[in-house]
Amino acid sequence: MKLGLLISLILHGSILAWALVSIQSTKPTITPKPKPIVVDITTIDKITQATKGATKKKPKKKVEIKKPPVKAKPKPKVKPAPVKTAALPPPKAEPPKPDPIKDILKKPPPEKKKPVVKKPAPKKPVVKQKPKPKPKKVVKKTRKKVKAKTKSAFDTESIAALLNKIPDAKAGPKPKKVVRKKKVAKVESTQGAEDGAAKKLTISEFDFFIKQIGNCFAIPAGAKDAEAFRPVVSFSLRRDGSVDGIPRVANTVNSPFFRIAAEASIRAVLECQPYALPKDKYNDWKKNKITFDLKAMIGG
Amino acid sequence: MTHRNAHGRLARHLIFSIFLASFAAFGATRSADAVEGTVTTGNIDPIRIAITEFSAGGGGNPQQAVAVSNLIAADLERSGLFELLDRQSFISKDNDVTRTPRFSDWRVIKSQALVLGRLSEVPGGKIRAEFRLWDPVSGKQLAGQVFNTSTRNWRRIGHIIADLIYERMTGEKGYFDTRVVFIDESGPKRKRVKRLAIMDQDGHNLRILTSGRSLVLTPRFSPSTQLVTFMSYRGGKPRVHLMNVETGQQDVVGEFPGMTFAPRFSPDGQRIIMSLQSEGNSDIYELDLRSRQRRRLTQTQAINTGPSYAPDGQQIVFESDREGGQQLFVMNADGTAQRRISFGGGRYSTPVWSPRGDLIAFTKQQSGRFLIGVMNPDGSGERILTGGYHNEGPTWAPNGRVLMFFREAPGEKGGPKLYSIDLTGYNERRVPTPTFASDPAWSPILK
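Protein chains in written order, with my numbering: chain A, 1 to 300; chain B, 1 to 447.
All the pointers check out, no bait thrown in.
A few chain B positions that, by computed beta-carbon distances, are all more than 10 Å from chain A:
{"id": "1", "residue": "Gly58"}
{"id": "2", "residue": "Val66"}
{"id": "3", "residue": "Ser92"}
{"id": "4", "residue": "Asp94"}
{"id": "5", "residue": "Ile109"}
{"id": "6", "residue": "Gly125"}
{"id": "7", "residue": "Val193"}
{"id": "8", "residue": "Pro223"}
{"id": "9", "residue": "Arg296"}
{"id": "10", "residue": "Ala337"}
{"id": "11", "residue": "Gln338"}
{"id": "12", "residue": "Asp378"}
{"id": "13", "residue": "Glu412"}
{"id": "14", "residue": "Tyr419"}
{"id": "15", "residue": "Arg429"}
{"id": "16", "residue": "Pro444"}
The calculated lysine-lysine pairs, modelled on DSSO-like cross-linking and capped at a C-alpha distance of 27 Å, are:
{"id": "17", "chain 1": "B", "residue 1": "Lys110", "chain 2": "A", "residue 2": "Lys289"}
{"id": "18", "chain 1": "A", "residue 1": "Lys286", "chain 2": "B", "residue 2": "Lys110"}
{"id": "19", "chain 1": "B", "residue 1": "Lys417", "chain 2": "B", "residue 2": "Lys189"}
{"id": "20", "chain 1": "A", "residue 1": "Lys211", "chain 2": "B", "residue 2": "Lys110"}
{"id": "21", "chain 1": "B", "residue 1": "Lys417", "chain 2": "B", "residue 2": "Lys191"}
Simulated from the structure, these hints should not be mistaken for lab results. All values derive from a computational prediction rather than experimental measurement. Yeah, the Cβ is synthetic: ideal placement off N, Cα and C, and Gly gets one too.
All chains should be modelled from the sequences, with the hints used to inform the complete structure.
So, in structure tokens, the structure goes:
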């Protein structure tokens, strides 16, 4: 009996001891420490406004855009009809070789010969020349500022990488690598006004602008065959919302339909003027580069 | 701490990414150079076009000049892609083709295109027609041509100019300088006289090509020439004919033992494909026009008929009741890889491959109605364009954008008439013919 009692006591004692140990060890897992999530409250303006930072790359882009001239010169059609004799050139009243469009389009500006018209003209060369002597310094300064701020700021190119790494986010050093990439991408992708001021055209204002143009764009019936064509039209606007000068097609595709699509794009830009845009944000919409995505339009 | 910072950073990035997504939805990005955006919507309104009355040059007939401009206007308006501006609304009355128009006058009336022209007389009984197409918005001349031709060709000149304007403004080939062969039907319903006839696509310049002594059926244009193939029955014997519609010269391709149906040219015009009937079945044969050798392409215990080549000549669409009701099938040009493509309810017949190759038009019989529709060559994307008591026999315009078909009205006094409809299904027009007309076949562009 004594032996049995002893064994019983030992067993009960060991169970109690095991229970005490195991209960203690589960406690911390049951009540984990709350992990705070840091959230930044942001306004839409922070996204819609381009941040500071005119970089050296900007002038390069300008040059690239301006290089391709408008290639919308009408080529005389050759139709093998037995009755046809010749293509009819534009009337003599126009200068023969220079693009007739330019000459004709130069006529509307004289109608609006106001001091306002003259002002924007000299501005252009100033903008071109500025980057050469002084802005370099400005660029450097702003670059530094950007670098300082970008550590916690947003970067478009790093999102995919960041999201891909979510499962591995436990590891500490990986996000640091992303941040490094950000620095480079940031400087290249987000460029603000040259004066360093942030832009303030909001999404709704910009969307309204785009919609105005879209309402005037007549999709050419032949669009079915040309889904991939995306004419890009560059144009400047005056402060009153009217188009300043001639819209230019910045890209080119060797196709008759592209020419028609490009002409329809230019027609849309010209037909819709003047544009209703906030005048106090003129610098935001002074220069525009609009892509006409035919594939999206016809439901491709 | 570092762990917490990483989480915080991640959360911030996610929030920013949500903002980015909403921003990207507007298709807008910016750079210091210019605001960049993407227009993803447009309108499909007809192009507003102003067609002035053509002026008469030296010795030109003013009435004929006006008639040419009216013909151009009618062609473009009928296409459904152009909205003609009322001439009463024109601010500028200057229709001198040699001068640059005052574009502001045309912009005021919202004109997107402007046509000016002149018709003059040239020694030798000829006329000289010239026109210019302007874009008043950009102030650019889009097209300009001069034509010299015989006076009797004045309608063709108008159609050719309309084609040029259509192509220049839409990017599609025009189809106005074309003709249509069809079966001209006259007399009482039970004793109809059926003759082969040809006319311009707008219903003018009608010519009867056969006498009516023998029954003629299913005329079909060669895709590349002005040759027409058709069936004739005389004394119960079916014959496949070839006819040059310019000269009227005829040739009998062959007499076949059983009933023969629906001959149609291959895209190169060198072969004819048709169905021959024997022992209750009907199979598809290809006939080489030079060697007159025929090759059987289907071999089933069923009725296979109505064959039509794809424009590249690689495939053939046809109708067959091998799986019950009439359905559409596609096979390779050598008869291999036969497969069904129509699976909607009802019965499908008279398939015709579009000259562009992207669609197949058909007649569909469902719930007591005859419908004209189109589908993709793989059978997907079926769309019904029009329906009615009896619609049948679609034929494609050479640009593959418009179909012509015949619609028969019920009753003793009813008869078939020709109609055209575009691929939107909204622009249906009656094609005028002096008598009843059926089984139209659209020509290629005239040369």
